[in-house]
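Student: The residues making up each chain are set out below.
There are 2 protein chains.
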Amino acid sequence: MKTDTRQKILETGAEFIHLKGFHHTGLQEILKAAGVPKGSFYNYFGSKEDFGLQVIDHFVGYYALMSGPILEDPALSPLEKIRKLLDWFMDFFKSKDYAYGCPIGNLAQEMGDLSPAFREKLRSALDLLVDTYSGMLAQAQNEGEISQDLDVRAAARFLVSSWHGALMHMKAMKGSEPLENHKRFIFEYILKP
Amino acid sequence: MKTDTRQKILETGAEFIHLKGFHHTGLQEILKAAGVPKGSFYNYFGSKEDFGLQVIDHFVGYYALMSGPILEDPALSPLEKIRKLLDWFMDFFKSKDYAYGCPIGNLAQEMGDLSPAFREKLRSALDLLVDTYSGMLAQAQNEGEISQDLDVRAAARFLVSSWHGALMHMKAMKGSEPLENHKRFIFEYILKP
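So the protein sequences, as listed, match chains Y and C. Sequential numbering from 1 applies to the first sequence in our numbering. Sequential numbering from 1 applies to the second sequence in our numbering.
Chain Y extracted, bound-state conformation (with noise of 0.2 Å):
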């Protein structure tokens, strides 16, 4: 019972900061929309920093959720994963008429220079996905889907920057357009043997 309220106060506050960002959500709108009585937000979340450090979490839990069945299925080679998943993020957003963008690079736009304890969190999220990318280029050219000369490592944090920014344009232009392109440039000029 406890867990499912903390859960519920998360999963609702996930929703909210990722459309309108961590500062223009407040906590009554989430524990309204929670269906949970104010004063217990406290008894789970040390202050709304704290909480939004959790929903950080969040949000990297739920990446490591969805993208694991790509990750892990065994008939994909390393690029047919990357591209499964760009193109399961190009369905998802589509079907949110592209608003949201992706919650860590918003937040890392957001708080990286507001608050050192954000940052230092949002980093490690962002290192992860880089290291998740990382480990399929390794494979990918273990395999020679890819140029035995590309940095991996670098290309990993290429990949997953410039995918943030075409987010970003995404936004703006309200359409696919930016994250297509993003793909096109991706798979003609840099994940080829």
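Hints were generated in silico from the structure; no laboratory data involved. Check before you lean on any hint, since a few could be wrong.
Which copy? The list can't say, so a pair holds if one copy fits it or any two copies do.
For lysine to any residue, the following SDA-like pairs were computed, each having C-alpha atoms within a straight-line distance of at most 25 Å [to be verified]:
{"#": "1", "residue 1": "8", "residue 2": "34"}
{"#": "2", "residue 1": "94", "residue 2": "192"}
{"#": "3", "residue 1": "94", "residue 2": "116"}
{"#": "4", "residue 1": "94", "residue 2": "114"}
{"#": "5", "residue 1": "174", "residue 2": "7"}
{"#": "6", "residue 1": "81", "residue 2": "69"}
{"#": "7", "residue 1": "183", "residue 2": "46"}
{"#": "8", "residue 1": "183", "residue 2": "141"}
{"#": "9", "residue 1": "174", "residue 2": "132"}
{"#": "10", "residue 1": "174", "residue 2": "116"}
{"#": "11", "residue 1": "81", "residue 2": "61"}
{"#": "12", "residue 1": "84", "residue 2": "190"}
{"#": "13", "residue 1": "96", "residue 2": "175"}
{"#": "14", "residue 1": "192", "residue 2": "35"}
{"#": "15", "residue 1": "20", "residue 2": "40"}
{"#": "16", "residue 1": "8", "residue 2": "142"}
{"#": "17", "residue 1": "94", "residue 2": "153"}
{"#": "18", "residue 1": "183", "residue 2": "79"}
{"#": "19", "residue 1": "8", "residue 2": "36"}
{"#": "20", "residue 1": "20", "residue 2": "50"}
{"#": "21", "residue 1": "174", "residue 2": "117"}
{"#": "22", "residue 1": "81", "residue 2": "128"}
{"#": "23", "residue 1": "48", "residue 2": "7"}
{"#": "24", "residue 1": "94", "residue 2": "117"}
{"#": "25", "residue 1": "81", "residue 2": "131"}
{"#": "26", "residue 1": "174", "residue 2": "131"}
{"#": "27", "residue 1": "20", "residue 2": "119"}
On the provided structure of chain Y, position chain C as indicated by the hints.
Tutor: Just chain C, lined up with the frame of chain Y:
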């Protein structure tokens, strides 16, 4: 005098919004920092949103002013101009301890989903950036600096969106690595003969 006060409010507001975002910046702190009486804001701006839209124009004007001398330098080739612009920004962000990011990209991320008026304004501002790069890449193609096969319009979009993502990562990493990495991949893999 009237114009000076309006300009002072715009410049002060731009500084706050660039660092803290639109929603997290209060009109009161802007007016206090600008030394302008609270009541006079509405002589110049219809609402906070109207003010925000004019701040975007201010940022676009600042970008044109800053980049003009590089873009119009007849001694530089098109690719040298792009290199020099990136170097200018890398020096700028170093001097700011890797804070701020691009105000147009930041606001696209923060406001793209929340205000149609912001979205339209930001879409135009992003298109203008893409146009500028597209023009330079077309010239680079004419001068044989880059491949004739490159789709310059799409490449310009990729350059700009990818740079915005690198700035997002910069803010979380508090360092130049994402920016240097962007420059490296753009020039090693895309902008070449």
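Student: Hint by hint, say whether it matches the structure.
Tutor: Do the hints match the structure? See the list:
no.	hint	result
1	8 x 34	within (6 Å within a copy, 43 Å between copies)
2	94 x 192	neither (27 Å within a copy, 33 Å between copies)
3	94 x 116	between (34 Å within a copy, 18 Å between copies)
4	94 x 114	between (31 Å within a copy, 17 Å between copies)
5	174 x 7	neither (31 Å within a copy, 32 Å between copies)
6	81 x 69	within (10 Å within a copy, 45 Å between copies)
7	183 x 46	neither (41 Å within a copy, 41 Å between copies)
8	183 x 141	both (19 Å within a copy, 23 Å between copies)
9	174 x 132	between (28 Å within a copy, 21 Å between copies)
10	174 x 116	between (32 Å within a copy, 10 Å between copies)
11	81 x 61	within (19 Å within a copy, 43 Å between copies)
12	84 x 190	both (17 Å within a copy, 24 Å between copies)
13	96 x 175	within (11 Å within a copy, 33 Å between copies)
14	192 x 35	neither (51 Å within a copy, 57 Å between copies)
15	20 x 40	within (23 Å within a copy, 30 Å between copies)
16	8 x 142	neither (43 Å within a copy, 58 Å between copies)
17	94 x 153	between (30 Å within a copy, 23 Å between copies)
18	183 x 79	both (12 Å within a copy, 24 Å between copies)
19	8 x 36	within (8 Å within a copy, 45 Å between copies)
20	20 x 50	both (18 Å within a copy, 19 Å between copies)
21	174 x 117	between (32 Å within a copy, 13 Å between copies)
22	81 x 128	within (17 Å within a copy, 35 Å between copies)
23	48 x 7	within (15 Å within a copy, 36 Å between copies)
24	94 x 117	between (33 Å within a copy, 21 Å between copies)
25	81 x 131	within (15 Å within a copy, 33 Å between copies)
26	174 x 131	between (30 Å within a copy, 19 Å between copies)
27	20 x 119	both (19 Å within a copy, 14 Å between copies)
Checked against the numbered hints given earlier, this structure breaks hints 2, 5, 7, 14 and 16; the rest are met.
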